[in-house]
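Here the protein sequences line up with chains A and B, keeping their order. Here the first sequence is numbered in full-length UniProt numbering, starting from 1 and rising by one per residue. Here the second sequence is numbered in full-length UniProt numbering, starting from 1 and rising by one per residue.
Because the hints were derived from the structure by calculation, they are not lab data. Nothing here was measured: the structure is a model prediction, and the numbers come from that model. Honestly, I wouldn't trust all of these hints.
In silico SDA-like pairs for lysine to any residue, Cα to Cα no more than 25 Å straight-line [as the list claims (entries may be wrong)]:
1) A:Lys-354 <-> B:Glu-87
2) A:Lys-252 <-> B:Lys-1006
3) A:Lys-394 <-> B:Lys-949
4) B:Lys-1006 <-> A:Arg-259
5) B:Lys-77 <-> A:Gln-228
6) A:Lys-262 <-> B:Lys-112
7) A:Lys-326 <-> B:Thr-1018
8) B:Lys-77 <-> A:Leu-400
9) B:Lys-949 <-> A:Gln-228
10) B:Lys-77 <-> A:Gly-415
11) A:Lys-321 <-> B:Val-82
12) A:Lys-262 <-> B:Val-927
13) A:Lys-277 <-> B:Val-82
14) B:Lys-112 <-> A:Asn-340
15) A:Lys-262 <-> B:Arg-749
16) B:Lys-983 <-> A:Tyr-393
17) A:Lys-326 <-> B:Lys-949
18) A:Lys-262 <-> B:Lys-1006
19) B:Lys-77 <-> A:Val-208
20) B:Lys-77 <-> A:Tyr-393
21) B:Lys-949 <-> A:Met-362
22) A:Lys-403 <-> B:Arg-749
23) B:Lys-904 <-> A:Asp-335
24) A:Lys-252 <-> B:Asp-94
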Amino acid sequence: MKKVGNHKSFSKILLFSLALVLSFSFTSNAQDAAAGKALFNSNCAACHKLDAAMTGPALRGVTERHDTAWLHKWIKNSSELIKSGDAKAIKVFEENDKKVMTAFPQLSDADIDNILAYTSQPKEEPKAAAAGGGATAGAQEGGVSNNLVLGVLAVVLAMLVAMLLFVKNVLNKIAKANGIEAPVKEKSLPIWIAFARNQFLVLVSVIVMLLVGAYFIYGYLMQIGVDQGYEPIQPIHFSHKIHAGDNGIDCKYCHSSARVSKTSGIPSLNVCMNCHKNINEFQGDADSTYVEHTKEFYSAEIQKLYDAVGWDKTAQKYTGKVKPVKWVRVHNLPDFVYFNHSQHVSVAGLECQKCHGPVETMEIMRQHSPLTMGWCVNCHRETNVNVEGNEYYKKIHEELSKKYGVDKLTAAQMGGLECGKCHY
Amino acid sequence: MASNKKYWKSVEELNENSSIVETLRNNEFVEEIPTDEFLGDKDALSTSSTTRRDFLKYVGFSTAAASLAACEGPVIKSIPYVVQPEEIIPGVADFYATTIADGFDFANILIKTREGRPIKVENNNLPNAKTGANARVHASVLSLYDSLRLKQSKIEGKDASWADVDAKVTAALADAKAKGGQVVLLTGTMASPSTDKLIADFIAKNPTAKHVVYDAVSSSDALDAFQMVYGERALADYDFSKADVIVSVGADILGDWQGGGYDAGYAQGRIPKNGKMSKHIQIESNMSLAGANADKRIPMTVTEQKHALVKIYNVITGASVSTPKVANEEAVMKAAQQLKAAAGKGVLVSGLDDVNAQLLVLAINRALNAEAFNPATPRLIRKGDAKAVAQLVKDMKAGVVHTLIMNGVNPVYTLPNSADFVEGLSKVKMSVAFSLKEDETALKTKVAVATPHYLESWGDVSIVKGHYSITQPTIRPLFDTKQFQEALLAWTGNPASYYDFLKAHGTAVVAGGATWNKLVHDGFYVTPVTAAVGGANVDFASAAGALAQAKNLGGLELVLYTKTGMGDGQQANNPWLQEFPDPITRVSWDNYVTVSKKDAEKLGLVNYNVANGGLNGSYSTIEVGGVKLENVPVIIQPGQAVGTIGLALGYGRKEAMKQEMQVGVNAYTLYANMKSDQSAKVSKANGDHEFACVQLQKTLMGRGDIIKETTLEIFNTKDAAEWNIVPMVSLDHKETPTTKVDIWDSFDRSVGHHFNLSIDLNACTGCGACVIACHAENNVPVVGKSEVRRSRDMHWLRIDRYYSSQDTFKGDVELKEGASGLMNSIDTFTGMEDPSENPQVAFQPVMCQHCNHAPCETVCPVAATSHGRQGQNHMAYNRCVGTRYCANNCPYKVRRFNWFLYNKNSEFDYHMNDDLGRMVLNPDVNVRSRGVMEKCSLCIQMTQSTILKAKREGRLVGKDEFQVACSAACSSGAMVFGDVNDKESQVAKLAEDDRMYHLLEHIGTKPNVFYHVKVRNT
């Protein structure tokens, strides 16, 4: 797969460090919280969130619930604390379904203080809605003004037409008054009769019309059953752009069977849950420009996944009630074609994008290629066989390339155009 | 100018009073046009308000609507797993080792599954795996998806849950215990050590209980004989690869005798090696597969066979029991001498249902000290006790039996005294049938428990002593079923599941040698049996004396047998097996009585072909001891011993069967006392039966180049050019071998793979496992009886069977070459169409020959069929427009046309017409539509996947790694597939063999399938 880097990551780091530098020079509280955020994200976020229970309880305001010294001990090694018979520790342990928390002996007291400072910050009020509202209002204004300009233009044009008619009328009246007779135009043959009488023209235009008609009919017929650009609405709004693009997840992480099987496979829902057990709501920047929908929209889609797989977000448990997702198939070859992903992905080492297009930019999955036989065959004619380090090809490639007098064989020369290779 | 010439179409017209001419004058068509179907209903026609104009409007509108609708693509839904099982990758097949044990067929096999669905049966090729899969075992995967399976348990015909059934049966058992009523477990042979243990537990809990084993097709006499001598209820096993001389008296050693599976060992000895091959002498009445493959076949009535056996006994042991003279005395004596000369390298087997005969078999083999005879590791897959079953029926009628629990048996259908059994059932207080289907028996019992198919069950099997196999499920139970063993556990109060019970048992059996996981992975485990068995000294002489007294009871001797395709009939609702042509008669969709030509003439029975090629035969009535079987169709069978007739068991079932598959007559009604030989009266009945026979020609007409054969003597002493003659053509007025002449430029095939298929006519027994394997692998449709009758069968692979017209095929060739002059030739050739009374038989599997210069490819107007570099002749179905030019131009007649849509079409109500049956389809192979040609693809999907696997792993394809469905199914090793450019491969060596020849070599098609000259050890 083409490495789909996060092109904003560099600037993000820059901004972040700038913010860090700035915050150093200002209040000490802010400094604690910022450092704490980084530590929180790298150490705690796998199991904790600030405002929602995950594997562990929500942590905002944890210092209000427990005293700091105790928290230090707990974070450094909770199991030991429980073993030592600390009543409070045992209570907390039992309240949380006896889930054992990882020990963090590597965190210094200062680190823990920073993390606690971060958890003590008040919750930020969402501003995104207000900003969004402003934007829509702006867009509406633009719409009104455009209409206004167009309306004014139309009025001006109408006035011009009226004025011209008026001028013509006046001139006619003047001419009549001066006794000038306008010359009477001699009535010529209507053009269509003249056209019909000219046999050559008729012949030529009939031929042209037939050719044009044939061209369009052929074009129409050739696109029957070709679903290039097919972009159906899926039961869950899954954005390849967010997953493969912004987060840079490898295609074959989810479509793992593409390596060994004929089908690339739609990932089973347990694969989604590898990440979404933790990511239970949209976590992009609130003011991010790269998403097309609101945070609430995306979080609702994640909830759809939970409903399908039977995951109770609050209890952090599988309920066992599953509702398999009926995806709408986008890429579909006819039954009489045999296509094997592993041949192309594992053996030939093709990038997925070669056929599927820039999936990492698609908010909604779209069929990028026509998937017609001509399209397949063209590629087989143009593409060289990837023989490097593959013992299978060694002998056959040597002999065949000698036979054809080329350095590198195309898939077609290797037999990739034979009917029976795909049709059986 | 007026002409007085008279044109006539047939000689009949010369006869002025001919009724045929009169009939034809008034009727344009000889056969009636089926107009009634649509014009018959006069009322409907006259009341219909649709005028011709309306009709055209509708047609026009619907055409336009259909074409508009067709432009819109359908929305296809894909539903992934919620939680994908670790071992399943969509699109990749998984294989599981398991064992079939359905009471008739027992074999270690592999099951290919796709996305959790079993789709194909493969041979388990580990050394020591027992018995290769036969045609029925290959077809058994389709029986799993039988839409007429019992889907839910029933109590008195009403759906019931297992809890209801359990409560009911537990109450009945308690009642039986309280009243001291007899409880009987009636099962088929299960050969399952863990089940035996469960049954013992059950009997311990219910002291009034007993276990009766019932085999529908009985081996009771052989079992009794073995038990008398060796003290164990089992059957001696044989290894024919160790025998130089095999004498069989009425045993179809390549068929279902003793549970079958002997072909692999047999074929090993049949391939000439170092100038030697085994000699097989078959003494029998019906023409069986073994008889067809024998070097010397001696047709005899059953009574004569018994006498012959005594004669052989006399020769081998030096006894002198007096016997009456038999018809082929000389041949029998010669066979006996050869057997004696071979001593330890000889072996004698018999399928006669007579204790004395079976005792003599043991005596003879012991006297010979036969290496092929293994009484120490006997077969345990037949245990049925005919006497105990007879006693049970008596007890039931007397009202002694309180509770009857049956598993895997269908006595109401299979018992000859079925009426008595049904009467007995009504007197039994509680009757339970564990059954796959709501069959004849399940309908008559109070409780019918739906059981899982073997592919849904756990189990264990001991096929021979010291050989322990495991049955493991390959799919979750499709229906609400309960296994017999689970029920036994429940009724003995054992809380364990059968899996846990089996695991404990299996682990104990293999302890020290293997783990449970290894056992399940391999499918079986062998514990060496070292102890030799002595065997008691039974009075063999008096057995011989008694046997010599055997007398013909008058009338014709009826010999009941099982067909390769149907066996005991439990898979009768399997369309693959119904359409499978019998290897000998080539008739599908029927059973029939086989009669010798002499007897047929005496009784006025005929076979003839009608205008469209269909075979017709007279009906007959067979009477055995007062039981009459009406309307039994007749086949005149070359090689049938005069004075005998044959009839196959397993047909004529009606319950839980699709309409189309209710064919044939139930021969079990004539199976009195469970003896396969009966004295019968046969008479002609009215009317003719329409057969679906796939082969119209019976003989080779002296064309020795189609099946080349020679004798071992010539093969050993003469040059290959003399017995494997290469046809010559004239090139520049010089005789040139056809292999050297080419009107086409040859394509260079030395680079890459070049696939060839080798077929050894010596090793091919005609068993037909390949035909079913091909069916399963390639989604070949079933077309039904009437289509097969029209020669529209779809089998990609057929096994041609030829009879000799003279005593030998060599005689045919000589006769043909001797014929000269027009009249002489006509007479000679007309005569050669008829097979001899006791002909030689030859089998030849024919599939697409994948000609390098294929005649079909040059005539296709749309280039739908073309050649690949790897030697395969490709067929692009989507390109085919159905002109059928290719089929017309194919000299091998291997192309098949889809005359109709055979899937999702209620006119062809076989497995492809229901959702369940379609589960068996191979997802890697296209399901063809109406109007396209299809044929053997040399399993290109398999060769391609082998190549892809090697590519992915970055290695060369291993030696002999390539397989196709037929070669993988061939347990006798007759079919070998591979890459001839890989000089190390087996097929490359076979291609260089002296015996190699191509079919119809003189036409220069250069096929990629080749055959090996058949060598007979005469």
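Task: Which numbered hints fail - done: 1, 2, 4, 7, 8, 9, 10, 15, 17, 18, 19, 20 and 21
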